[in-house]
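Novice: Can you make the complete structure from the sequences, with help from the hints?
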Amino acid sequence: MTTLLELDQVEAHYGPVQALRDVSLTVSEGEVVAVLGANGAGKTTTLRAISGTVSRSGSIELAGKQIRGGPEAAAKAGIAHVPEGRGTFVELSVTENLKLGAYTRRDRQVKEDIARMSEYFPWMVERGGQRAGTLSGGEQQMLALARALMGRPRLLLLDEPSLGLAPMIVREFFRIVRELNEKEGLTVLVVEQDARIALRSSSRAYVLEVGRVALTGTSEQLQGDESVRRSYLGY
Amino acid sequence: MVAAAFADFMQQVVSGLASGGVYAALALALVIIHRSTGVINFSQGEMATLCTYIAWTLTVNHGWSYWPAFVATVGFSFLFGVVTHRVVIRPVERGNVLRVVIVTIGLLIAINGFVVWQWSGEPQALASPFGTDTLDIGGVIVSVGDIGTIAVTIGIVILLWLLFQFTKVGLALRAAAVNPNEARLVGVRVTWMLALGWGLAAVLGAVAGMLTAPSVGLDPQMMQPILIYAFAAAILGGIDSPLGAVVGGLTLGVMLNLIGVYVDFVGAELKLPVALLVILVVLLVKPSGLFGRPEVKRV
Amino acid sequence: MNPNLTRVTGFVGFALLVVLVFLLPEWISTFRAQQFAYVGIYLIALLGLNILTGYTGQISLGHGAFMAIGGYTTALLMAGNEQFGQEGLLGIGGGMKDVWTIPIAGLVAGLFGLAFGLPALRLSGLYLALATFAIAVALPSVVKRFEEFSGGGSGVNLFGLPELTAGIIPVDIAGRELVFNDWLYYLCWSIALVLFGIAWLILRGRTGRAFRAVRDSETAAVSSGVSLAHYKTLAFGISAAYAGVAGSLFAIATTFVNPDTFPIALSIFLLVGVVVGGLGGLSGLVVGAIFIQFLPLWAQGEGVASRLPGFIVDRTKEPGAPAIIYGIVLILLMFFLPNGVGGLFRRAGQTLTRWRYSRSG
Ligand SMILES: Nc1ncnc2c1ncn2[C@@H]1O[C@H](COP(=O)(O)OP(=O)(O)O)[C@@H](O)[C@H]1O
Ligand SMILES: [Mg+2]
Chain A
177 MTTLLELDQV EAHYGPVQAL RDVSLTVSEG EVVAVLGANG AGKTTTLRAI SGTVSRSGSI
237 ELAGKQIRGG PEAAAKAGIA HVPEGRGTFV ELSVTENLKL GAYTRRDRQV KEDIARMSEY
297 FPWMVERGGQ RAGTLSGGEQ QMLALARALM GRPRLLLLDE PSLGLAPMIV REFFRIVREL
357 NEKEGLTVLV VEQDARIALR SSSRAYVLEV GRVALTGTSE QLQGDESVRR SYLGY
Chain B
197 MVAAAFADFM QQVVSGLASG GVYAALALAL VIIHRSTGVI NFSQGEMATL CTYIAWTLTV
257 NHGWSYWPAF VATVGFSFLF GVVTHRVVIR PVERGNVLRV VIVTIGLLIA INGFVVWQWS
317 GEPQALASPF GTDTLDIGGV IVSVGDIGTI AVTIGIVILL WLLFQFTKVG LALRAAAVNP
377 NEARLVGVRV TWMLALGWGL AAVLGAVAGM LTAPSVGLDP QMMQPILIYA FAAAILGGID
437 SPLGAVVGGL TLGVMLNLIG VYVDFVGAEL KLPVALLVIL VVLLVKPSGL FGRPEVKRV
Chain C
5 MNPNLTRVTG FVGFALLVVL VFLLPEWIST FRAQQFAYVG IYLIALLGLN ILTGYTGQIS
65 LGHGAFMAIG GYTTALLMAG NEQFGQEGLL GIGGGMKDVW TIPIAGLVAG LFGLAFGLPA
125 LRLSGLYLAL ATFAIAVALP SVVKRFEEFS GGGSGVNLFG LPELTAGIIP VDIAGRELVF
185 NDWLYYLCWS IALVLFGIAW LILRGRTGRA FRAVRDSETA AVSSGVSLAH YKTLAFGISA
245 AYAGVAGSLF AIATTFVNPD TFPIALSIFL LVGVVVGGLG GLSGLVVGAI FIQFLPLWAQ
305 GEGVASRLPG FIVDRTKEPG APAIIYGIVL ILLMFFLPNG VGGLFRRAGQ TLTRWRYSRS
365 G
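Protein chains in written order, with this note's numbering: chain A, 177 to 411; chain B, 197 to 495; chain C, 5 to 365.
These aren't lab readings, by the way, just hints derived from the structure by calculation. Please note that the accuracy of each hint is not assured.
[Unchecked claim] Covered, in the sense of this in silico footprint (three residues per stretch, anywhere, with C-beta under 8 angstroms from a C-beta of chain B), are these stretches of chain C: (1) 264 to 278; (2) 346 to 353.
[What the hints assert, rightly or not] Only part of the chain A face toward chain B is listed, based on derived beta-carbon distances under 7 angstroms: (3) 190; (4) 245; (5) 261; (6) 265; (7) 269; (8) 272; (9) 277; (10) 283; (11) 286.
[Stated by the list, open to error] Below, simulated BS3-like cross-link-like pairs (lysine-lysine); rule was C-alpha separation at most 27 angstroms, straight line: (12) 101/C - 148/C; (13) 467/B - 148/C; (14) 287/A - 364/B; (15) 252/A - 364/B.
For glycine and all other residues, C-beta sits at the position ideal for the given N, C-alpha and C.
Specialist: Next up, the structure:
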């Protein structure tokens, strides 16, 4: 398996506050990798460092190339970041949200791709004119995912997609993510507080603790280890 | 008798729509900038005046006819707006909005000074592209100038609407205005979109200026009262609503005309205060203007 | 910074200001004394506006209107008007000594402020800014319209009236003979310093905390038990009263009021002064007031022109040039002093404290 994303000794700061100290991790092409940890551990910041929305140092490589600059550059390089709290454009329509997802693309297949979203999200196309702000929380999370897919990303970053959603919707969401991974070979780095569901959908995981990688292993190992589960994952 | 009174009334309405169209254009400029930068651009009127002087120079000193000068000025104003944002606004955009407000006041003073310095304070005449003829439409006498002004404003509003609604860059402009952080995540270069917004606003101002100058005369203070009307119109419609700016501008234009003519007590002197009073009353009933969405307050 | 230390530096700074204010006339001409009297007047208006905008977070673009109310109150109480003759307003005025009109002007403007604060409660942000702006824009034409009452466009002249404490004849105060300009200087600055102290007292206590709570988050203010309506209206009232006193002194200083004495530009310059001085601080406002009074004069002066490259120098004498300089200086100030002069003072204070601690510790 070839390495798609590699973080080496990444640090990140919010003003004087250091949120990440020495984070190193890798994600291979076609993998689903989870990042777990308690509230405030630095999970969100890790994704922000990758997409360039926080000031960082250290090395971040996508397919062997250094990622530099802000989120615009990251988007262009093929990184789609679905931020915490969904991040849809609530004032714009569903279709407009999807079009914005394809903003960096120069090809002419955007319309086809919008139509194709109905494969995964059957409701979405016929409600294209609806304002995103009037969708339910679950629908907005699906829209955020669909918008990310519209960019035909090489790497998908998901930040706590389960937040505030009913368990059934969370399961459906992760089912779609797995399907995308299996059918289309999409590479995913997913941040979750809900370790149980994240471990079930991923092949490997990293556990963060106060801005450091405390633990890493395959999802099976982590799930199987009683002491790890109790002290790090809280279930 | 009744017919004559009606014709008279319609004449007032049409000329009100013409001045209202100018307010609407400038109000739309204010709204575009408020949506993207979060401030009222106090220098919007002076930027427009400067651009109108460019058009005047082209026609009078260089012998251009009105429309080529119009197009060249529109191009100039766009660049002017973009550069203004990049050079003057961007450095203060983060932090307290009052800082940006004061910078736009500084711009107002400096640009006004520049216009006086360069072209002197003497009033100048910019010829109307529509002539001074009048038309008789079923007994209602309207001036071709008014009709032309209304047509140009409607045209420019439609063009802008098409741009915002149906183009990729228009979508990006809207996305950057409503949610800059998300917009950056999908790859929109937000600071350039803001600069573009300033460019479009400057174009609207320049058009307003070039439509105003032929009837009121070109002088360095020309746009100051119009900026006040535009501000009032934008607030009346809802400061974040482009549709509101247009409706607000037209309403205000007609209202000012009718009040001035038909309400004796008011006359010319009190036109403005009464119009502002009406707007205040509207605001007390609808605190976010006619088309604005109520502010959502976050805890 | 250590709060005790802040208080001490505050006291020392204020004491220095008082001493400086009372010594200054010894060193300057009476012509300059008059200019500095205006600085005192602007300071009063800025103190008021800062209570509203800096501390309570409500933007007013119309404080010139409250100054106008104060100015006209004083003028009418002194000179009376056509409608009521020398009987004056409600039989009180027309013949009132200038100094007695000052508190009344403050009171009247304050009442207008409270009255305006009530409907303004429904408005926030820019909508409120427009409402205040509208009043300042509309006031001149309203004044012109009600001529019998206000003197219309030609205004009310106070020059030479016996009601003026000092006029062409110097006045004897505590054994010292003061010409009009010096008298004006001491009058304006005594009042300014007292009002400075009062503002400080208001802002450091419960009321000040409530104002800041309103500014920082209206929702949070409500949930922590601060009555929004009460404090917003109160801020408007206090702020307008300050502006009224400033307007009253303005009328006495110019010995004349007409609708153009309080143009819309004045309202805008007051806002500029508050931001330059530093929102939410008092000390910087002195500099804000100096800025309003002297920058336009400085921009017109030879001082600037002589420092510019040769080919521009000649053209700086042409009309318009001072305004260009003024505008650019204002923009540069915002670039380099993001928190106004007050912010600069605070930074200097912090550096001083650190330096002291590092030496003693
Ligand atoms: N915008 C911010 N400003 C300052 N500190 C922040 C900001 N966002 C996060 N932090 C701090 O950085 C650390 C990591 O936060 P975050 O990455 O959001 O954690 P997680 O997503 O794991 O809950 C926390 O200590 C948090 O307080
Ligand atoms: Mg998080």
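Novice: Taking the hints in turn, state whether each one holds.
Specialist: Taking the hints in turn, this is what the structure says about them:
1. 264 to 278: holds (count 3)
2. 346 to 353: Violated - the region 346 to 353 of chain C has 0 residues with a Cβ nearer than 8 angstroms to chain B, which falls short of three.
3. 190: violated (15 angstroms)
4. 245: violated (11 angstroms)
5. 261: violated (10 angstroms)
6. 265: For residue 265/A, the interface hint holds, since the closest Cβ of chain B sits about 5 angstroms away, which is under 7 angstroms.
7. 269: violated (10 angstroms)
8. 272: holds (6 angstroms)
9. 277: Hint on residue 277/A: holds, closest Cβ of chain B at ~6 angstroms, below 7 angstroms.
10. 283: Check failed: Cβ of residue 283/A comes no nearer than 13 angstroms to chain B, outside 7 angstroms.
11. 286: At 9 angstroms from the nearest chain B Cβ, residue 286/A fails the 7 angstroms test, so the hint is violated.
12. 101/C - 148/C: Answer holds: residue 101/C to residue 148/C is near 26 angstroms, not above 27 angstroms.
13. 467/B - 148/C: Roughly 13 angstroms between the alpha carbons, so the hint for residue 467/B and residue 148/C holds.
14. 287/A - 364/B: Holds - the C-alpha atoms of residue 364/B and residue 287/A are around 13 angstroms apart, at most 27 angstroms.
15. 252/A - 364/B: holds (16 angstroms)
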